[in-house]
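K.L.:
Sequence:
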Amino acid sequence: MSKHAEIHAKRIAVFAAVRRVEIMMELTKDDEFLNELFLGTLDAVSAQRTSNREDGPSRPPASVI
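Residue numbers for the sequence shown follow full-length UniProt numbering, so the first one is 1 and each next one is one higher.
FYI, nobody ran anything at the bench for these hints, they're computed from the structure.
Accuracy of the hints is not assured; some may be wrong.
Pairwise CB distance ranges (calculated) [stated by the list, open to error]:
| no. | residue 1 | residue 2 | range |
| --- | --- | --- | --- |
| 1 | Ala-17 | Ser-46 | 40 to 46 Å |
| 2 | Asp-30 | Ala-9 | 39 to 45 Å |
| 3 | Ala-47 | Glu-22 | 34 to 40 Å |
| 4 | Leu-39 | Ile-7 | 43 to 49 Å |
| 5 | Val-14 | Gln-48 | 49 to 55 Å |
| 6 | Leu-39 | Ser-2 | 53 to 59 Å |
| 7 | Glu-36 | Phe-15 | 29 to 35 Å |
| 8 | Ala-16 | Gly-40 | 35 to 41 Å |
| 9 | Glu-32 | Ile-7 | 51 to 57 Å |
| 10 | Asp-30 | Ile-7 | 48 to 54 Å |
| 11 | Met-24 | Lys-3 | 52 to 58 Å |
| 12 | Ala-13 | Thr-41 | 50 to 56 Å |
| 13 | Asp-43 | Ala-5 | 53 to 59 Å |
Virtual Cβ for every residue (Gly too), placed ideally from N, Cα, C.
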């Protein structure tokens, strides 16, 4: 392989490595956002279920049905 081809191959390898890191960083940001969204949804559902329990069951327990 010529010197020029070696330099070109190294540049491509470096570019690919940098791009992989950029993609992983983007995925991490997306994952953080989705995790926060998911946890927020879980908190909201949990709070709703807790408030329903405090008001009393809306229907009889399954063992009664």
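K.L.:
Indicate, hint by hint, whether the structure satisfies it.
P.N.:
Quick rundown of the hints versus the structure:
Separated by about 42 Å at the C-beta atoms, Ala-17 and Ser-46 satisfy the suggested range of 40 to 46 Å. A hinted range of 39 to 45 Å for the beta carbons of Asp-30 and Ala-9 is inconsistent with their spacing of about 32 Å. Ala-47 and Glu-22 have their C-beta atoms about 38 Å apart, which keeps the hinted 34 to 40 Å range intact. Against the hinted window of 43 to 49 Å, the Cβ-Cβ separation of Leu-39 and Ile-7 comes to about 48 Å, which satisfies the hint.
Range check, Val-14 to Gln-48: Cβ separation about 51 Å, and the 49 to 55 Å hint holds. Checking the proposed 53 to 59 Å range against Leu-39 and Ser-2 shows it holds: the Cβ atoms sit about 55 Å from each other. Between Glu-36 and Phe-15 the C-beta distance comes to about 32 Å, which sits within the given range of 29 to 35 Å. For the pair Ala-16 and Gly-40, the beta carbons lie near 36 Å from each other, so the given range of 35 to 41 Å is met.
Separated by about 38 Å at the C-beta atoms, Glu-32 and Ile-7 break the suggested range of 51 to 57 Å. Between Asp-30 and Ile-7, the C-beta spacing of about 35 Å breaks the proposed range 48 to 54 Å. A hinted range of 52 to 58 Å for the beta carbons of Met-24 and Lys-3 is inconsistent with their spacing of about 32 Å. Against the hinted window of 50 to 56 Å, the Cβ-Cβ separation of Ala-13 and Thr-41 comes to about 42 Å, which falls outside the hint.
Between Asp-43 and Ala-5, the C-beta spacing of about 57 Å keeps the proposed range 53 to 59 Å intact.
Comparing the model with each numbered hint stated earlier shows that hints 2, 9, 10, 11 and 12 do not hold.
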